[in-house]
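Enquirer: Using the sequences provided together with the hints, build the complete structure.
Going by my numbering, the letters in the sequence shown line up with residues 60 to 368, in that order.
Among the hints, a few may not be true.
[Said to hold, decoys possible] No more than 30 Å apart at the CA atoms, straight line, and that leaves these computed lysine-lysine pairs for DSSO-like:
(1) LYS342 - LYS220
(2) LYS303 - LYS220
(3) LYS84 - LYS220
(4) LYS84 - LYS342
(5) LYS342 - LYS303
(6) LYS157 - LYS84
(7) LYS157 - LYS303
(8) LYS157 - LYS342
(9) LYS303 - LYS363
[As the list claims (entries may be wrong)] Computed spacing ranges between beta-carbons, pair by pair:
(10) PRO186 - ASN317: 25 to 35 Å
(11) GLY364 - LYS342: 12 to 22 Å
(12) ASP175 - ASN340: 18 to 28 Å
Quick caveat, the hints were computed from the structure, so don't treat them as lab data.
It should be emphasised that the depicted structure is a prediction, and the values quoted were computed from it without experimental measurement.
C-beta: ideal position from N, C-alpha, C; glycine also.
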Amino acid sequence: MASTRVTDTILETPAAAIPNLGASKAEIQAHYDREPRLYEHFLGPNLAYSAGIWMEPANRDTLEAAQLRKLDWHIDMSGADTAQRVLDVGFGWGSLIKRLMVRRPDIDYVGLTLADNQAQYVRSYAPQNFVTEISAWQDYQSNRPFDAIVSLEAMEHFTGKAADRQQRIEAYRLFFEFCARTLRVGGRASIQVNGWGNIELGSEARHISQSGIDGFWLEGNLPHASEMLLASERWFDLVHLEGKPRDYIYTLRAWLRNLRNQEADLVALVGREMVSDYMHNLKTCLDAYLAGALTLYRLVLERKGSVVR
Numbered sequence: 060m061a062s063t064r065v066t067d068t069i070l071e072t073p074a075a076a077i078p079n080l081g082a083s084k085a086e087i088q089a090h091y092d093r094e095p096r097l098y099e100h101f102l103g104p105n106l107a108y109s110a111g112i113w114m115e116p117a118n119r120d121t122l123e124a125a126q127l128r129k130l131d132w133h134i135d136m137s138g139a140d141t142a143q144r145v146l147d148v149g150f151g152w153g154s155l156i157k158r159l160m161v162r163r164p165d166i167d168y169v170g171l172t173l174a175d176n177q178a179q180y181v182r183s184y185a186p187q188n189f190v191t192e193i194s195a196w197q198d199y200q201s202n203r204p205f206d207a208i209v210s211l212e213a214m215e216h217f218t219g220k221a222a223d224r225q226q227r228i229e230a231y232r233l234f235f236e237f238c239a240r241t242l243r244v245g246g247r248a249s250i251q252v253n254g255w256g257n258i259e260l261g262s263e264a265r266h267i268s269q270s271g272i273d274g275f276w277l278e279g280n281l282p283h284a285s286e287m288l289l290a291s292e293r294w295f296d297l298v299h300l301e302g303k304p305r306d307y308i309y310t311l312r313a314w315l316r317n318l319r320n321q322e323a324d325l326v327a328l329v330g331r332e333m334v335s336d337y338m339h340n341l342k343t344c345l346d347a348y349l350a351g352a353l354t355l356y357r358l359v360l361e362r363k364g365s366v367v368r
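Expert: This is how it looks when you write it as structure tokens:
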């Protein structure tokens, strides 16, 4: 198969703007721009709004330890442990930032979000070398390459709810092209994302899981592993791929336990309706994971030195 050698450290920026084929800024803000103390109550001290990595037996592990283990895994697998520059696509409430501040306090960090509250929250404690931008990845440009990219459960927002398989692949292809354009040759992207499990499209379990997705990502959709691999193969070599649904089962159970234990305080803080919505959506997602309708992917890719045409 013919290939063209890449000589520049950053691929040429597309002449046309990259279209947004997924969730709108308004939808992102509607979900995430809420009272930060709500998340502090049920996510735990790391404020990690993504699945941890749990040790067995899970009842002897803790949510905090699982989340630190997850953050360290992505830091190590992406190469951020030795990188000079790291890009965080969808930095949430800053869990990766907090961990890098401990492990790599001098690193050149850039984080992207569309949620104003998240940016304001993180800027209240992050040092100057940890730069946060309110920007979609489609709009972000850098004239210097990054050594590592980490994205923790942001890809769920990259395709629309009604997107078919080919449309999802195209949306993911745009994202991986952005990653390739932003990374140096040999740089790595470490990605964590909820995905569809091995359940038929018309099954009741799939339908139930879709209702849980609608509760969290009104305009979003989830990938299959094959879609991400097809979308990335032009620019990246696969380093690691795993499906670990149990990690989300344990994480969701821990979040639900925190919500129930602090229900009265949370109702006083944000109201009964919002607390009930979170409990319902988390329980629905847990049921979908237990049924095998959802899974959790961790994907590590390495930027090729040549691009397949």
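Enquirer: Which earlier hints can't be squared with this structure?
Expert: 11
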